[in-house]
Amino acid sequence: MNYELMVIFTPVLSEEDYKAAQKKFVDLIAELGGTLQHENPWGLKSLAYPIQKKTTGMYLVLEYSAPSDLNEKLTIQLNRDENVLRYMITHLDKYAVEYNNRKRHGANANSNTVEA
Numbered sequence: 001m002n003y004e005l006m007v008i009f010t011p012v013l014s015e016e017d018y019k020a021a022q023k024k025f026v027d028l029i030a031e032l033g034g035t036l037q038h039e040n041p042w043g044l045k046s047l048a049y050p051i052q053k054k055t056t057g058m059y060l061v062l063e064y065s066a067p068s069d070l071n072e073k074l075t076i077q078l079n080r081d082e083n084v085l086r087y088m089i090t091h092l093d094k095y096a097v098e099y100n101n102r103k104r105h106g107a108n109a110n111s112n113t114v115e116a
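Position 78 of the sequence shown, counted from 1, bears residue number 78 in the UniProt record's numbering, the numbering being contiguous throughout.
Everything hinted at is true.
With a straight-line cut-off of 27 Å between C-alpha atoms, the simulated DSSO-like cross-links for lysine-lysine are:
| hint | residue 1 | residue 2 |
| --- | --- | --- |
| 1 | 103 | 45 |
| 2 | 24 | 54 |
| 3 | 73 | 23 |
| 4 | 19 | 53 |
| 5 | 45 | 19 |
| 6 | 73 | 19 |
| 7 | 73 | 24 |
| 8 | 24 | 45 |
| 9 | 73 | 94 |
| 10 | 19 | 103 |
| 11 | 23 | 54 |
| 12 | 23 | 45 |
| 13 | 53 | 24 |
| 14 | 103 | 23 |
| 15 | 19 | 54 |
Here are the in silico distance ranges between beta carbons for each label pair:
| hint | residue 1 | residue 2 | range |
| --- | --- | --- | --- |
| 16 | 95 | 20 | 31 to 37 Å |
| 17 | 81 | 53 | 16 to 22 Å |
| 18 | 20 | 79 | 15 to 21 Å |
| 19 | 99 | 48 | 22 to 28 Å |
| 20 | 82 | 41 | 15 to 21 Å |
| 21 | 65 | 15 | 25 to 31 Å |
| 22 | 73 | 13 | 22 to 28 Å |
Read the hints as simulated data drawn from the structure, not as lab findings.
Remember, it's a predicted structure, so these values are computed and weren't measured experimentally.
Backbone N, C-alpha and C fix where the C-beta goes; we use that ideal spot for every residue, glycine too.
Take these sequences, add in the hints, and give me the full structure.
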């Protein structure tokens with residue numbers, strides 16, 4: 001099964017702490033039997049609404065394939081980590097995986113483009 005994990009970390013993390021937090025979850029996915037397809041750290045972004053009185057957050061998006069029981073264990077670790085403001089795990093169907101691959105490799109996401 002393919003999944004996407006988006007995590008918003010607290011904005012008070014230093015660059016080293018942000019990288020350590022990224023590595024923690026990448027390593028955890030591998031340790032629990034998952035395979036990382038893509039890692040995309042977005043860095044500091046504004047939030048749509050304040051979370052814990054913070055208006056910005058450090059974003060990280062991970063795309064991975066894993067057995068479904070991995071997500072339960074991953075959720076426990078995400079809930080325990082005090083640097084995580086919010087997270088969301090999304091199941092990706094084959095079309096979403098294909099779309100992400102096209103987007104990543106610079107191809108136009110809409111494959112039906114016609115040149116005049």
